[in-house]
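Make the full structure from the sequences, and use the hints.
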Amino acid sequence: MPENNYVIETEELNLWYGENHVLRDICMKVMKNRVTALIGPSGCGKSTLIRCFNRMNDIIGNCRIKGKVFFNGKDIYNPNTDVVTIRKKIGMVFQKPNPFPKSIYENVAYGPRVHGINDRETLDRIVEKSLKAAALWDEVKDRLDISAMSLSGGQQQRLCIARALAIEPEVLLMDEPCSSLDPIATTKIEDLINDLKKKYTVVIVTHSMQQAARVSDYTGFLYLGQMIEFGPTKQIFENPQEELTEKYITGRFG
Amino acid sequence: MVEKFHAELNALKKEVLEMGDLARDMLQKSVESLKKRDIEMAGQVISKKSAIIDMDDDIEQRALTLLTLYQPMAKDMRTIACILKMITYLTRIGRYGKDIANLARELSTQPHIAKLVSIPYMCDIVCEMIEDALKAFETEDLSLVQDFSERDDTLDTLRYSIFRECLTYMMEDPKNITRCAHYMMIARYLERCGDHACKIAEKVHYMVTGERIEIK
Chain V
1 MPENNYVIET
11 EELNLWYGEN
21 HVLRDICMKV
31 MKNRVTALIG
41 PSGCGKSTLI
51 RCFNRMNDII
61 GNCRIKGKVF
71 FNGKDIYNPN
81 TDVVTIRKKI
91 GMVFQKPNPF
101 PKSIYENVAY
111 GPRVHGINDR
121 ETLDRIVEKS
131 LKAAALWDEV
141 KDRLDISAMS
151 LSGGQQQRLC
161 IARALAIEPE
171 VLLMDEPCSS
181 LDPIATTKIE
191 DLINDLKKKY
201 TVVIVTHSMQ
211 QAARVSDYTG
221 FLYLGQMIEF
231 GPTKQIFENP
241 QEELTEKYIT
251 GRFG
Chain G
1 MVEKFHAELN
11 ALKKEVLEMG
21 DLARDMLQKS
31 VESLKKRDIE
41 MAGQVISKKS
51 AIIDMDDDIE
61 QRALTLLTLY
71 QPMAKDMRTI
81 ACILKMITYL
91 TRIGRYGKDI
101 ANLARELSTQ
111 PHIAKLVSIP
121 YMCDIVCEMI
131 EDALKAFETE
141 DLSLVQDFSE
151 RDDTLDTLRY
161 SIFRECLTYM
171 MEDPKNITRC
181 AHYMMIARYL
191 ERCGDHACKI
201 AEKVHYMVTG
211 ERIEIK
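Chains as they are written, first to last, in the working numbering: chain V, 1 to 254; chain G, 1 to 216.
One thing to keep in mind: the hints can contain errors.
Said to hold, decoys possible - Distance ranges between label pairs, derived from CB positions:
1) G:G43 - V:R252: 46 to 52 Å
2) G:I53 - V:K141: 55 to 61 Å
3) V:E139 - G:T68: 27 to 33 Å
4) G:D58 - V:K102: 57 to 63 Å
5) V:Q95 - G:Q71: 19 to 25 Å
6) V:E11 - G:D156: 54 to 60 Å
Calculated directly from the structure, the hints in this document are not laboratory data.
Cβ atoms here follow ideal geometry from the backbone N, Cα and C, with glycine treated the same way.
Here it is, written out as structure tokens:
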């Protein structure tokens, strides 16, 4: 039985897209209230792996999964698992900000409404709390009814984070959340990630090793679908134990 | 970009080795000038002080530029961290060479109180340690620095025996006090240089393995 300190755990997780064996025997543990970063070259399976954590791969037709993914000790690939509940508890933020073509307010209120909250006062409270948690409130509090599409890229991404937080998840999965943002917006998101871990558990996929080093407590290095090394971030970047990790992070690859 | 970084890092390592040779050379020549009472040689050592300081500045600047531009990780980062510490130790070794050369000039006016044996022997041990530490930095062969603790103990013993010997000469004749105080200072400087060689070996060990050790 997995320990309480671990929110997500995988056991010999394998995944195929058709004939393509994308993830191979992944065993990893995501510590509660910590930021875990996944790094590795393009196509190594980072995004596929975090998409396993809230069953986002279910919507891909030829995807086959073997092995186990535990969320708070329960196997989320068990046939009795309610996928909607899992995705409520494990939110996700994507590479490109994808706000709905609605107002700022409606973007954040959307999730709670779907989950049956319609009371205006409650919604107001959730919207304010979520926007504050996403460090966006001060910038938009006077214009909550304007279209979310009119916000800058960085603001849109923080809105997406607020939207994910509105349904009070336990875990926030972030798939390269800063790759389409400028350095200032990136800094804001990174500061935000640091704040978020007080309340949430964050798993972030990033192409920037510097970003992984800055924001995460634990780092996993994936290569060709295998978890080559997983450990405290300081160790991975200062003194990696695996030669492959050393080669990747010092750019001596291939 | 990665190739450019590694080319620059390799060039930097070469300059550190050159700086190490210069520091060791200054120390070696200073003791030689003392032994031979050669003022000219002592002067040459003293004139190299600015060269070693310039190398220190230049290497530090280039190392910081590499850190800023490339934000290296793992061994690359450890190599730069090692370099930044090494150049400080090497500068101090060079400066002790200059200090010994200054004392050699003062001592050259009269013959030595006794035949100089222990001081040149200490210098040989220190120079070998510096050489081995530099070679370990170049080749990453840590076996070269494995016995540094024992070698450092020998230096401590030699310094103490020089101290006792000087005390005897000073008690025999108070006129010897100034000269003996200089010999004692020189022994102390050489012992410190041995400590710096040990510190370099510690940093090289960190660079190669990622583990911090202390040579006692």
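Right, here's what the structure says about each hint:
1. G:G43 - V:R252: 46 to 52 Å: 47 Å, holds
2. G:I53 - V:K141: 55 to 61 Å: 57 Å, holds
3. V:E139 - G:T68: 27 to 33 Å: Hint holds: Cβ distance 31 Å, inside 27 to 33 Å.
4. G:D58 - V:K102: 57 to 63 Å: 59 Å, holds
5. V:Q95 - G:Q71: 19 to 25 Å: 22 Å, holds
6. V:E11 - G:D156: 54 to 60 Å: Between V:E11 and G:D156, where Cβ atoms are some 56 Å apart, the hint holds.
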